Every structure is written in C-alpha cells, then in structure tokens.
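**Q** Going line by line, the protein sequences match chains A and B.
For the first sequence, full-length UniProt numbering gives the first residue as 1, with consecutive numbering after it.
For the second sequence, full-length UniProt numbering gives the first residue as 1, with consecutive numbering after it.
The reader is advised that the hints may include incorrect statements.
Because identical chains share one entry, a pair is satisfied inside a single copy or across any pair of copies.
Derived BS3-like pairs: lysine-lysine, alpha-carbon spacing no greater than 27 Å straight-line [said to hold, decoys possible]: (1) K67 / K464; (2) K496 / K408; (3) K251 / K67; (4) K93 / K278; (5) K408 / K364; (6) K496 / K340; (7) K43 / K67; (8) K525 / K340; (9) K525 / K618; (10) K525 / K43; (11) K93 / K67; (12) K45 / K643; (13) K340 / K278; (14) K461 / K304.
Bear in mind the hints are in silico, worked out from the structure with no lab data behind them.
For clarity, every value in this text was computed on a predicted model and none was experimentally measured.
Protein chains: 2
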Amino acid sequence: MEGKVEQELGSQNHHHHHNHPCVEISMEIHKVETPPKRSSLQKLKNRLKETFFPDDPLRQFKGQSAKQKWLLGFQYIFPILQWGPHYNLNLLKSDVVSGLTIASLAIPQGISYAKLANLPPIVGLYSSFVPPLVYAVLGSSKDLAVGPVSIASLLMGSMLRQEVSPAQDPLLFLQLAFTSTFFAGLFQASLGFLRLGFIIDFLSKATLIGFMAGAAIIVSLQQLKALLGITHFTKEMGLVPVMSSVFHNTKEWSWQTILMGFCFLVFLLVTRHISMKKPKLFWVSAGAPLLSVVVSTLFVFAFKAQHHGISVIGKLEQGLNPPSWNMLHFHGSHMGLVLKTGLITGIISLTEGIAVGRTFAALKNYQVDGNKEMIAIGVMNVVGSTTSCYITTGAFSRSAVNHNAGAKTAVSNIIMAVTVMVTLLFLMPLFQYTPNLVLGAIIVTAVIGLVDIPAAYQIWKVDKFDFVVMLCAFFGVIFISVQEGLALAVGISIFKMVLQMTRPKTVVLGNIPGTDIFRNRHQYKDAVPVPGFLILSIQAPINFANSNYLNDRNDDFVSNDISRTKILRWIQDYEEEEENIKMHSSLRFVVLDLAAVSAIDTNGVTFVQELRRVLEKKGVEASSIQDLVLVNPVGEVMEKLQKADGTHDLLQPNVLFLTVGEAVSSLFSSMKGVSSSHV
Amino acid sequence: MEGKVEQELGSQNHHHHHNHPCVEISMEIHKVETPPKRSSLQKLKNRLKETFFPDDPLRQFKGQSAKQKWLLGFQYIFPILQWGPHYNLNLLKSDVVSGLTIASLAIPQGISYAKLANLPPIVGLYSSFVPPLVYAVLGSSKDLAVGPVSIASLLMGSMLRQEVSPAQDPLLFLQLAFTSTFFAGLFQASLGFLRLGFIIDFLSKATLIGFMAGAAIIVSLQQLKALLGITHFTKEMGLVPVMSSVFHNTKEWSWQTILMGFCFLVFLLVTRHISMKKPKLFWVSAGAPLLSVVVSTLFVFAFKAQHHGISVIGKLEQGLNPPSWNMLHFHGSHMGLVLKTGLITGIISLTEGIAVGRTFAALKNYQVDGNKEMIAIGVMNVVGSTTSCYITTGAFSRSAVNHNAGAKTAVSNIIMAVTVMVTLLFLMPLFQYTPNLVLGAIIVTAVIGLVDIPAAYQIWKVDKFDFVVMLCAFFGVIFISVQEGLALAVGISIFKMVLQMTRPKTVVLGNIPGTDIFRNRHQYKDAVPVPGFLILSIQAPINFANSNYLNDRNDDFVSNDISRTKILRWIQDYEEEEENIKMHSSLRFVVLDLAAVSAIDTNGVTFVQELRRVLEKKGVEASSIQDLVLVNPVGEVMEKLQKADGTHDLLQPNVLFLTVGEAVSSLFSSMKGVSSSHV
C-alpha cells in the first residue's frame with residue numbers, strides 16, 4: 001500500500017527515496033474488528049480482578065489436591081511454614097551474626113527514636129522486641145529489620161503534640177500513641193486485606209525523595225537540643241522556630257556537651273563513610289553506635305560528667321513489655337487526632353517498609369507480596385499496640401546492615417528480639433549514665449543518608465515538574481509541617497495527573513515520505529501533510545474531563561471569530577495556512593487516529609458524534625465534502641461507538657480504517673473521483 | 001516491508017492472501033526522531049498557555065492598530081458594544097415579543113422559586129429585575145433568559161436551613177442568602193478571571209443527568225405541601241422524611257386544595273405537552289403559568305376561597321429592589337456555611353448557565369466564551385447581592401421559551417426586566433390572593449422536564465460505569481442530601497479516572513497476516529504472534545501511579561513462584577503457552593509499543609530502565625538474548641528517556657524502531673543469524 005500513497009503524494013515533490021509498484025496490495029483495505037462480545041458482568045469481573053488482584057494470588061492453587069491446597073493456604077498466611085522446615089545450621093550461623101549486628105544498632109536507635117516521638121526511651125526497646133517476633137512469623141521479606149524508624153516516630157510525636165503535651169500529661173500522651181499505633185496497624189492490615197495496596201503508589205519517587213530529605217533535616221535540627229545542651233528548646237518542628245530557639249538560647253549552650261557531641265558525631269560519620277565505601281566493612285558502622293554508647297556512658301560514669309552540663313538519660317525501668325490493651329482509647333475528645341495520626345503514620349511507615357522490602361528482595365532475586373506485607377506489618381502494629389509498642393516498620397538503615405551482615409531469613413529478627421529481651425531484663429541500669437548527646441549523634445548519622453542529592457539531580461534532569469513536586473515536599477516539610485508538606489506534594493502530583501487528563505495531547509500527523517507511516521509533524525520534520533487531509537492523533541482517554549476542551553459545539557467556522565477549541569483550532573490553522581490557500585486544497589477529511597485513546601465514556605462518545613455533525617454542516621456550507629474519518633479505535637472505544645451510534649454513521653466502512661495509511665490512500669482516490677466529476 | 005515480515009512468518013502457515021517480493025523496502029529502517037529542542041522555560045510557557053488559554057483570546061488583537069485594540073478590548077469586556085450599534089427595529093420587534101413572553105413566565109416562577117429557597121416571594125421578583133439588566137451588558141449569549149432557577153434555589157434554601165431557621169429568624173436567613181450570593185458571584189467571576197473554567201467540566205453528563213433528576217424529584221416532593229394543603233410539613237428534604245410527613249398528616253389534607261391543585265397541574269402539563277410536540281406553539285406553555293395565576297387569583301378572590309382551606313401568598317410589599325449591601329456579613333459564626341453555600345450554588349448555577357448558553361449558541365451557530373460568561377454571571381450575582389437579589393443564572397426552561405419566541409439579542413432580557421419592574425411598582429397587590437397551590441403546580445411542571453429518561457437509557461447502553469455514577473448522583477440526592485449526592489457522583493467520576501491511570505491497559509499485539517500491521521490479538525482474532533517476540537502496547541502515560549503495577553522489580557522468573565505484575569505476567573504467559581514450548585521458540589525480544597504513552601515521569605523512566613535490566617539478567621540466566629525493544633516513543637517520552645539514559649543503552653538504533661513492523665522484520669533477521677551461529 002505504500003506505493004500507492006507514495007504515488008499519490010508524488011505531486012508534492014518531496015524527497016522520495018523509492019518509487020516502485022506495489023499497487024496491488026495498497027488497495028486492500030483491512031477491516032476494523034470489535035473484540036469478542038462479553039457481557040457487562042464479565043467485564044465487571046475482569047475489571048475488578050485487574051484492579052484488586054492484578055497479581056492473581058490464587059494461581060498457585062490451581063490443579064492441586066485439597067490437602068495441598070490447605071498446606072499452601074497456611075504457607076501463604078504464615079510464610080515461616082514455607083522456609084521453616086528447610087532451616088539449617090548454616091543459615092542459623094549467618095542469622096546469628098546479622099541478628100547480633102542489628103541488635104547492637106537497634107538498642108541505641110530504639111532509645112533515640114522513642115525520644116524523637118516524645119515517648120519514654122524504654123518504649124523504643126519494647127518496640128524492638130515484640131514486633132520483630134510477629135514479623136518473623138508473618139512477613140515474607142528475608143532482609144527486613146523491624147523496629148521503630150525515625151520518620152514515623154517524628155510524625156507521631158509532632159502530630160500528637162498538637163493536642164497533648166508529653167511533658168504535662170505523659171500518661172495520656174502514651175495512651176494516644178498506643179491507640180494511634182493500633183489504628184495505624186488496623187489501617188495497614190485493611191489495605192492489605194482489601195487489596196488496596198496501590199494506594200501507596202500515589203507517593204511518587206519525587207515526593208518521597210523530597211519528603212525524606214525534609215524530614216531528615218527536621219529530625220537533625222531537633223537533635224541540636226541534645227548536641228548543644230540547650231534546656232529550653234522550642235516545642236515546634238519547623239526550621240524557623242528551631243533556629244530562632246537555638247540562637248536565642250546561646251547562653252544555655254554547654255561547651256562540654258558540644259565538644260563531646262562533636263567528637264562522637266565525627267566518629268559516627270567517619271565509620272558510616274567507611275562502610276559506604278567498602279560494604280564488606282559493614283560492621284564498622286553497625287557496631288559504632290553501640291560502641292559510642294558504651295564509651296560515652298563509661299566516660300560520664302568515670303568523670304561524673306552529668307554534674308558538668310552533660311545531660312543523661314537517667315533511670316530506666318527494667319523488665320519486659322507490660323500489656324497495654326487497657327490503655328487503648330476508642331472514644332473521647334482526641335479520637336479525631338488519633339485516627340488522623342494512625343492514618344498518616346500508617347501510610348508513611350507502610351511505604352518505607354514495602355519499599356525497603358522490595359529493594360532488598362530485588363537484590364537477592366526473590367519476591368515480596370505487597371498486599372501480604374501490608375497485612376504482616378499491620379498485624380505486627382496491632383499486636384504491638386497491646387504490648388506497649390509504638391509504630392514500627394522495616395527500617396531502611398538497619399535492613400541494609402542486616403543484608404550486608406549476611407542475614408539469610410527472618411530468624412535474624414528473632415535473634416535481635418532475644419538480644420533486646422536480654423537487655424530489657426538485665427542491662428537497663430547500664431543506660432542510666434548514657435548521655436543524650438550520643439543519642440542525638442546516632443540519629444543525625446542515621447537520617448543524614450535520607451538526603452539523596454544524586455537522585456534529586458537525576459529528577460531535575462529528567463522531569464522538571466517532578467522536581468517541583470520534590471521541592472514542594474521538601475520545603476513544605478521544612479517550613480510548614482511534616483504532614484502538610486507530604487499532603488501538598490501528593491496533592492500536586494494528583495493534580496498534575498488530572499490536568500494531563502483535562503488537556504490531552506493532540507498532534508497533527510504527516511506522512512513520512514516513501515512509507516505509509518504517519519507521524520507527529522512536530523517531532524518528525526520530514527513528515528509532510530497530505531493536501532485535503534487533517535490527520536490528528538488524540539493521546540488520552542476521551543472523557544468528561546476533556547471532551548469540552550477537545551470540542552466546543554458552538555464555534556462559528558464561517559465568521560472570522562476566535563476559534564476556541566483544540567480540534568476546531570487545528571482545522572482553522574489548516575485553513576489559514578498559506579500553502580493550503582495557495583494550492584486551493586480545501587479541507588476534505590478530518591482523520592482522527594484513535595490508536596492512543598485507551599478509553600471513552602458517554603461524554604467522549606458525544607464528542608465524536610458532535611464533531612462529525614459539525615464537520616458535515618461545515619461541509620454543506622462550503623459545498624465540499626468534510627467528513628470525519630476514524631482510524632484504529634481500540635476494542636472498548638469501538639464497542640461504545642457502536643452502541644451509541646444507532647444509525648452506524650460513524651462506523652461505516654468508508655469512514656473507518658485500520659491504519660492512517662489505508663485511510664489516506666483509499667480516500668485520496670475517492671476524492672480525486674469526486675473532484676474530477678465536480679470539474 | 002510487508003513482504004519481508006510475510007516471508008519470515010511464512011513458516012507458521014497462517015492464511016496468507018498475498019506473497020510477493022517487496023523486500024528491498026523492508027530493510028529500510030526509519031529513524032525515531034526527537035522533537036526540536038526547547039528550553040524548559042519555553043515548555044512551561046507552552047504548557048501554561050495550553051492549560052489556561054487554550055482558546056487564545058488575544059488572537060484577534062494581533063496586527064491591529066492601538067485604537068482598534070482599545071475598541072476590541074472594550075467590545076471584549078462589554079459585548080453589548082459589539083452588537084448594540086447594529087441594533088434595529090426589526091430586531092426590537094422580535095425581542096419585545098420574546099421579552100414579554102419570558103416575563104409572563106418569570107413572574108410566577110420568580111415568586112415560586114423564592115419560596116423554594118425559603119425566601120420572601122418578592123425577592124424572586126427582585127432577582128428577575130437587576131440581574132437580567134447586568135447580563136444584557138456583559139453576557140455574550142443571545143438566548144439566555146436570566147433569573148432565579150429551581151435547583152440553585154433549592155440548594156441555597158436547604159443548605160442555609162442547616163444552621164438558621166427561615167421561620168424563626170427570617171432576617172438573618174435573608175442576610176445569609178445575600179452573602180452566599182455575593183460569594184457565589186465572586187467565585188464565579190474568579191473562575192473566569194483565573195481562566196479555570198475547565199473546573200465545571202468535572203461535572204460529567206452522567207453526573208448532571210442523575211443530579212438533575214434527583215433534584216427535580218426532591219423539588220416536586222416539596223410541592224406536596226402546597227398541593228395537598230398540609231400545614232405541618234417536615235423541614236427536611238429527603239424522600240423518606242417528606243413521605244412520612246405527608247402520610248402522617250393525612251388529616252391535614254384539604255380536598256379543596258387537592259382538587260384545585262390537580263386541575264391546574266393537569267392544565268399546565270397538557271400545555272407543556274402541546275408545546276413540546278409543536279415548538280411553534282411555544283406560547284401555549286409560556287403563557288399558561290401566568291394565566292393560571294390570574295385565573296386562580298380571581299377564583300380565590302371571587303369565592304373567598306382563602307377561608308375554605310386554600311392558602312394564599314398574602315400581602316406583598318411594593319416597590320423596586322432596596323439596596324442590600326449593608327446586609328452582607330463578612331464575619332461571624334456562619335461564615336463557613338455561607339462560603340460553602342456560595343461555592344456549591346455558584347458552581348451548580350454556573351454549570352446550568354454555561355450549558356444552556358452553549359446549547360442555544362450551537363443551535364444558532366454563534367459562540368459563547370466560557371470564561372467570559374463566567375465573569376458575566378459572576379458580576380451579575382455580585383451586583384445582585386447588593387440589590388436584594390439572590391443567586392441567579394441562565395434558566396433552562398425560560399431560555400428555551402425565549403429562543404422559541406424568537407429572541408434575537410439580550411434586549412429580550414431588558415424587556416423582561418422592565419416588565420418585572422412595572423409589576424414590582426404597580427401590580428404587587430394583585431398577588432395577594434394568589435393561592436400557593438398554583439405556585440406548586442408551576443414548579444412541578446417546570447422541573448419535571450429535568451428527568452431525562454431517554455438520556456439515562458442512552459448512558460446505560462453505552463457505558464455501564466457512567467450509569468452507576470448517574471445512579472449514585474440520583475439516589476444520593478434523593479436519600480442523603482442534594483449537595484452530598486453531587487459530591488458523591490463527582491468523587492466517583494474522578495476516582496474512576498485515577499483508577500484508569502493506576503491500571504493502564506496493556507495489550508499483546510500480533511501480526512495481521514499479509515501486512516506489516518500489528519494489532520491487539522484479543523480484538524483482531526486474525527492477528528498471529530511472532531515466535532520469539534512478545535509485543536506489548538501500553539495505553540496510558542507511565543507515571544508514579546502505575547509504574548509499580550506495570551513492573552515489580554523483585555519477581556523471580558526462574559522459580560515457579562507467582563509472577564505478579566502486568567508485564568512480567570505477560571512474559572510468563574508467553575513462556576507457558578503450549579505452542580511456544582512445542583516450537584522451542586523461547587522469548588527473545590520484548591517489544592514495547594510506546595505510541596500510546598503520551599507522557600512519562602521519573603517513575604516511568606525508572607520503570608523502563610528496570611525492565612531492561614531484568615530482561616538482560618534473565619537473558620543471561622537462560623543464555624539467550626532477551627532485549628527490550630522500544631517502538632515509536634512520542635517526543636516527550638523520547639526526550640526524557642534520552643536525558644535519563646546516560647549510556648544511551650535504551651535508545652541504541654538496534655533496540656529503537658519507528659514501527660512494530662520494522663522492529664520485527666529487522667530483529668527477526670538478526671535473530672536468525674544468531675540462532676544459526678548457535679547451532
């Protein structure tokens with residue numbers, strides 16, 4: 001068919017490479033087919049399946065015996081049954097090493113993060129004991145190190161502090177924290193059960209990078225209290241109030257604290273740098289925090305430094321997690337806050353947990369099931385909330401250490417939990433003299449890795465709009481608040497998506513000389529227009545959000561008024577183009593390439609019908625043929641046009657083609673016939 | 001090139017129609033080009049222009065003299081300057097006839113609708129006097145009959161009644177109504193100024209049909225109070241409370257009222273039916289309401305029927321609109337409610353006004369500018385709120401009468417306003433004995449046309465999902481509340497759009513025998529797969545909302561685990577397909593047709609890169625080539641892939657093609673070379 005188009009375009013004298021007679025094929029026109037009929041129920045079923053079960057979780061059950069099905073079912077719910085039976089001593093050796101390593105990190109971090117959430121330090125240790133055990137049974141990731149994390153701790157602390165002061169009413173604050181954790185877990189598990197896991201996809205990469213960097217800076221700024229030894233520190237989180245608090249209290253700065261804090265911070269950053277350069281030396285950065293805690297505690301104890309301006313943690317209780325279900329509040333004046341806190345911390349910690357799980361699973365080439373992971377993390381938090389734990393998830397930094405330390409299965413979490421248990425039972429008095437500044441240094445070192453400058457640069461290079469979204473998240477978190485910065489970035493991302501929908505791309509196609517290929521004339525400078533034809537490609541679903549933009553019914557073509565809408569504007573442009581006026585080639589056919597229109601709704605169908613009507617009317621006025629030609633509609637669009645189009649005007653074979661090339665070659669010849677008979 | 005593909009596929013022995021040697025073209029491969037470089041600033045400018053100025057309003061100013069520009073500018077702001085100078089006696093004759101006709105409709109409807117909004121009846125007449133005059137100066141529609149409308153009246157009345165009782169505190173209620181009108185106008189005008197007119201596009205056809213039908217039923221049910229003569233009627237709007245109120249007060253029913261109401265209702269419905277059948281007899285239904293008012297008033301006056309259970313309007317004030325700017329509240333406890341009411345009634349009345357304007361402009365082949373109309377309607381309401389008018393817009397029923405009565409310009413609105421003015425000045429005492437039942441009958445007749453069964457059936461036929469949206473709007477309005485029903489329907493529509501985005505369509509393409517065309521194998525049963533190739537077409541922008549769905553990085557191909565995501569599932573399907581196993585044609589190339597991917601973001605770019613990496617890894621494991629081939633990316637996608645792809649692995653000429661046909665024919669030959677050298 002190429003030869004045909006070629007020959008007919010020959011009069012335009014564009015640079016042709018070939019010219020040869022393949023005419024006999026060119027006239028073969030292929031029919032546009034509709035997909036096989038399905039009932040609405042079948043379609044609905046298919047759509048629901050595609051939405052909620054894209055992973056087809058029951059696939060493995062097909063064709064199995066009943067007993068096998070039960071076994072597979074149990075294994076599906078409790079992945080430990082899958083790998084447990086094959087567990088052996090070699091695996092245990094690796095897991096013990098990695099378990100002890102992450103425990104040495106989890107203990108100081110647990111204490112630090114609990115303080116970040118304005119909770120008693122011991123709650124951080126409780127949260128490193130029960131949740132890892134629950135996750136070991138339910139979780140499908142082999143590398144996830146479970147426990148409290150910095151951003152969720154920060155979020156929970158700052159949100160609850162809006163209504164309750166942790167200093168004045170510590171018991172109520174603790175109760176609200178446990179209740180929020182309960183709701184966060186419930187919400188996470190429900191997302192998994194209802195297979196709504198795709199909700200976390202709405203946190204795009206750009207949003208997350210901006211958010212994490214902002215949160216890291218907010219968290220680091222909070223540590224200035226401990227690192228500078230300030231006693232009267234602001235209760236707010238924003239950059240401005242924190243910096244003003246720091247510089248208005250310069251007389252509270254303690255040089256002993258600053259000196260000691262600086263030393264430990266440098267030590268921790270150097271060890272972190274070493275481990276980043278040589279992943280084999282993971283134990284350098286993994287052991288450093290515990291070593292810092294031990295050294296600083298001994299130092300304080302030896303020199304009675306607590307009397308010289310160094311603030312210490314103070315007395316901690318001893319013993320395992322007390323039950324806390326009687327502390328959960330399900331009514332009262334703070335319910336709204338608790339639900340909101342649960343929702344937001346739940347989503348954020350879920351995002352971190354799933355992302356971390358996926359990252360390491362990809363490295364080791366196994367899989368984690370998003371919805372199942374959500375259930376595991378959710379159940380873990382619900383159980384946690386009844387055993388004095390606050391929100392936990394898979395922590396990025398500790399999981400990386402876990403992975404590097406050679407963790408083979410979730411047993412490393414069990415080893416860690418046992419280590420924490422021993423600490424809780426016997427070693428708590430040792431932390432009495434641990435200085436707060438070393439905890440601050442540990443947090444700063446942990447969160448500094450969340451500021452990902454190379455990733456930000458990559459986003460800037462690829463997509464400026466995404467970069468703006470990232471900046472919004474970043475500055476929103478720093479200057480407004482953690483949760484509002486996040487909401488802002490998500491809102492902008494979704495708004496962009498909706499805007500893309502309301503302003504779909506419409507491009508004019510031209511023929512690439514020597515072929516029957518039609519491409520965007522803006523992108524392919526070679527592509528030439530076909531006289532008498534306006535070939536448009538719409539690249540979005542046509543629906544209520546954009547049909548008005550594409551077509552406005554009330555434009556007056558004849559007058560020289562402002563033509564206002566996309567398609568009609570293209571038509572006017574065509575008519576005003578000098579070349580066309582010179583060549584007297586008035587517009588005969590508007591060809592609409594529907595290949596990229598993936599869906600259509602009733603508004604979209606009306607749009608196509610109206611466009612056809614308008615063109616016909618215009619054709620009558622200009623006493624020429626002006627017809628709407630549709631090319632290559634996908635199955636769904638074809639079906640809906642058929643149903644809506646009682647008279648089948650739109651889908652007659654002479655205005656419906658499989659390719660633009662066939663449409664042009666077929667119509668070009670018919671046009672010649674008409675115009676010659678006119679003359 | 002067709003011949004080539006044909007020949008190579010020959011081994012499959014599918015029904016071929018042709019087989020002939022056009023091989024020399026087939027090997028000509030066309031380059032994928034990138035669009036000409038533009039700076040980010042240019043792109044941003046373009047994008048903003050496309051979003052906010054798709055209609056290019058400054059187009060007409062180009063190349064004009066300064067004086068001409070000023071004149072055009074004034075004419076743009078005040079369309080009356082455009083048509084005013086050409087006004088003549090013939091036009092005036094038509095406008096007087098149509099103006100008097102709509103006045104005879106506007107007076108009884110104005111009184112009725114004001115009662116629907118729980119406002120004094122005279123406010124309805126005030127609102128039919130000032131706003132039409134303002135619109136005549138600013139508006140660009142020639143047919144719009146401006147005044148109070150049923151749905152906006154209902155909405156304003158029911159929303160304000162949530163906080164203030166019109167019976168107990170009528171002055172405050174009136175003040176809130178004026179203030180809401182002010183904010184509605186401000187909001188409408190801002191939408192126009194900020195060129196955000198596309199916001200009203202989010203009310204899809206399905207939503208509007210369901211909403212209007214539900215509102216019509218709610219409005220009609222409210223008229224049962226007047227038509228049955230019930231004195232203790234519920235204050236609620238829902239179907240359930242209204243029906244229970246009607247049947248719990250049967251002893252209040254007045255047979256005189258019912259009989260008389262029934263007679264007038266039948267009369268009005270019959271006249272409406274006549275005018276609908278014969279549009280020439282428009283005056284039958286147009287004059288009927290005023291005639292009913294006159295006849296029923298005379299009847300009541302003559303027989304002293306007000307003493308026999310027939311309730312009447314009662315004494316009305318006389319005189320023109322008093323100023324009301326001192327009644328606008330800009331602070332106080334009801335501000336939230338007033339803002340919300342203004343926003344919702346503003347959007348709804350704007351939608352009606354614009355839709356009506358567009359409909360009649362299309363019939364007469366002139367244009368109305370959406371954003372300009374919004375400014376006109378907004379200014380009209382702001383002015384109205386300072387002159388004792390409540391919310392007004394272009395009414396559908398009256399505009400239809402206006403059009404049929406031969407209105408030529410907005411002068412018919414001026415004639416109507418003058419008639420209303422005369423009524424306000426001299427005729428108000430005559431309405432003292434007008435029975436409420438006739439107002440009820442007028443409202444029912446007016447709103448019954450809003451229930452559009454044929455349109456609902458059409459939606460059912462074309463798109464089941466839109467039908468569900470329509471039902472949600474309908475039942476939401478009837479059973480929950482007017483504004484919540486509307487919000488529900490809009491929410492569902494947007495949710496569907498977002499869902500379409502998160503679950504983009506991915507289809508497998510096959511070769512249509514005898515051509516180089518590749519199409520959806522599900523839609524085109526003829527299309528045959530090419531052995532060794534998996535050809536996929538993605539039909540949506542690839543972005544953060546769907547890149548996780550399309551590709552999950554951590555699937556294990558080698559094990560028999562559940563493969564979980566869309567593209568990797570297709571690959572697995574390919575490998576498990578019996579035919580492929582039998583033919584030992586293991587997968588060599590995954591061809592991704594990107595023609596329908598209209599945009600991509602950083603997440604999308606990462607998706608493509610990851611997919612390539614995964615395929616390469618898999619290829620190494622299976623010791624075969626597994627390469628990702630991209631076909632026909634649009635300009636923006638091409639650009640972003642280039643920027644992100646430092647090493648240009650993705651865009652090397654051997655994995656980037658202009659058409660699927662060229663990709664397959666080129667790779668097929670290279671594959672043969674490799675496999676023969678393997679053997």
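**Q** Does each hint fit the structure? Answer for all of them.
**A** Going through the hints against the structure:
1. Within a single copy, K67 and K464 get their C-alpha atoms no closer than 55 Å, and across copies no closer than 41 Å, so neither meets the 27 Å cut-off.
2. Neither within a single protomer nor between protomers do K496 and K408 lie at most 27 Å apart by alpha-carbon distance, with minima of 42 Å and 42 Å respectively.
3. Taking identical chains as interchangeable, the C-alpha atoms of K251 and K67 are never at most 27 Å apart, the minima being 73 Å within one chain and 69 Å between chains.
4. For the homomeric pair K93 and K278, the shortest alpha-carbon distance inside one copy (23 Å) is at most 27 Å, but the shortest distance between copies (92 Å) is not.
5. Proximity of K408 to K364 under the C-alpha cut-off of 27 Å is restricted to the intra-copy arrangement: shortest distance 10 Å within a copy versus 76 Å between copies.
6. Proximity of K496 to K340 under the C-alpha cut-off of 27 Å is found in both arrangements, the shortest distances being 25 Å within a copy and 25 Å between copies.
7. With identical chains, the CA atoms of K43 and K67 are never at most 27 Å apart, being 33 Å at best within one copy and 62 Å at best between copies.
8. Within a single copy, K525 and K340 get their C-alpha atoms no closer than 54 Å, and across copies no closer than 52 Å, so neither meets the 27 Å cut-off.
9. Taking the closest pair of Cα atoms, K525 and K618 never come within 27 Å of each other, the shortest separation being 31 Å inside a single copy and 38 Å across copies.
10. Proximity of K525 to K43 under the C-alpha cut-off of 27 Å is restricted to the inter-copy arrangement: shortest distance 19 Å between copies versus 42 Å within a copy.
11. In this assembly of identical chains, the alpha carbons of K93 and K67 never lie at most 27 Å apart, being 34 Å within a copy and 89 Å across copies at closest.
12. Taking the closest pair of Cα atoms, K45 and K643 come within 27 Å of each other only inside a single copy of the chain (21 Å); across copies the shortest separation is 41 Å, beyond that limit.
13. In this homomeric assembly, K340 and K278 never come within 27 Å of each other (Cα to Cα): the closest approach is 42 Å inside a single copy and 60 Å across copies.
14. Neither within a single protomer nor between protomers do K461 and K304 lie at most 27 Å apart by alpha-carbon distance, with minima of 54 Å and 84 Å respectively.
Hint check: violations occur at hints 1, 2, 3, 7, 8, 9, 11, 13 and 14; the rest are consistent with the structure.
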